[in-house]
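Q: As you go down the protein sequences, you meet chains A and B in turn.
Per my numbering, residue 1 is the first one in the first sequence, and the count goes up by one each step.
Per my numbering, residue 1 is the first one in the second sequence, and the count goes up by one each step.
Any given hint could be a false lead.
Heads up, the list lumps identical chains together, so a pair's fine if it works in one copy or across two of them.
[What the hints assert, rightly or not] Only pairs whose alpha carbons sit at most 27 angstroms apart, straight line, appear in this in silico BS3-like list of lysine-lysine:
| # | residue 1 | residue 2 |
| --- | --- | --- |
| 1 | Lys-126 | Lys-2 |
| 2 | Lys-169 | Lys-85 |
| 3 | Lys-107 | Lys-150 |
| 4 | Lys-186 | Lys-176 |
| 5 | Lys-107 | Lys-169 |
Derived by calculation from the structure, the hints in this document are not laboratory data.
Note that the coordinates shown come from a computational prediction; the quantities given were computed from them, not determined experimentally.
There are 2 protein chains.
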Amino acid sequence: MKRAFKPGTMIYPLPAVMVSCGDEPANYNILTVAWTGTICSDPPMCYVSIRPERHSHGIISRTGEFVLNLTNAALVRATDWCGVKSGRDYNKFREMHLTAEAAQVVKAPLIAESPLNIECQVVEVKPLGSHDMFIARVVAVNAEESLIDKGTGQFQFNHTSPLAYSHGKYFALGEKLGGFGFSVKKRGH
Amino acid sequence: MKRAFKPGTMIYPLPAVMVSCGDEPANYNILTVAWTGTICSDPPMCYVSIRPERHSHGIISRTGEFVLNLTNAALVRATDWCGVKSGRDYNKFREMHLTAEAAQVVKAPLIAESPLNIECQVVEVKPLGSHDMFIARVVAVNAEESLIDKGTGQFQFNHTSPLAYSHGKYFALGEKLGGFGFSVKKRGH
């Protein structure tokens, strides 16, 4: 049985991503977002939605660049803290003992402690209400070398202990329930 | 140490959502997507990105409506199957023994077996390349009554065994690592 609920945003679980931005060390900042995702595979495109009052909103609007730093269980405290505090009041890299590292293409820094850093260039900013959606192209990806399978060259993403955000809580991933396409595979193959 | 990777879409974990569409039983269909998320909190807005060659793309383009049906561990096989097979070849509700239920606002059906159904109306279709992004307003939400806390009236979303999709695999959520804001709460409070 279903009951009507107030219309709201209840799509979960989502990634909890640390967005790094800025074009020189003095203005580097980190914002945590869950309103992010992939919007196109080819070309690779993604988005982040950010409230205009957030400090990073001004930085990304000016530079047109940001990095999505994926998070894991070891980063859960920094992930939460960077979502709660403002870059107007703190140097978040210093406070959270995170290391800013040069990116390949963009001026925004990578967070070295993140297992995967996705460099993005904004192609459109779409004001929607409480949030502006920054629509971006993925221009480079940086993966933790120790998580790249030496045989296949594949990034072992699910060995990173990815962090999920679901309805107000952070979770580790649990039991593996199947791989894409498992429902149409013949048993034993 | 980081290694450069080919630019690609590596934002995970994501929800694995069954999108239902159609405006009469003869054309009801279900498509599974992970390229979905929240883009604005107020007004509540979301998106799904769909390849133009998918059967549901034509239906949603014509009707301007869809429903996001969140999934859980019990729905993992149906979730995978509806992402692999085409509505041109199968009645997916019948094949997966899913129940189409009338929505509050849209003509597209709810999937009764899903714990939460989000009714959406398209406001813009944005062609991006391999995928078109359907930008939508959330116009109604339907929650499984047994998961609504009788005391607080809150939907116990994380009691639904939400399904996460991460780099080609479906996962249950695992250990809870903290609640939003935990990093700034005083211990014992």
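Q: Indicate, hint by hint, whether the structure satisfies it.
A: Do the hints match the structure? See the list:
1. Lys-126 / Lys-2: neither (34 angstroms within a copy, 32 angstroms between copies)
2. Lys-169 / Lys-85: within (17 angstroms within a copy, 33 angstroms between copies)
3. Lys-107 / Lys-150: For Lys-107 and Lys-150, the Cα distance exceeds 27 angstroms both inside one copy (30 angstroms) and across copies (51 angstroms).
4. Lys-186 / Lys-176: This pair counts as within: shortest intra-copy Cα distance 19 angstroms, inter-copy 35 angstroms.
5. Lys-107 / Lys-169: Neither, since 32 angstroms and 33 angstroms both go past 27 angstroms.
Checked against the numbered hints above, the structure breaks hints 1, 3, 5 and satisfies the rest.
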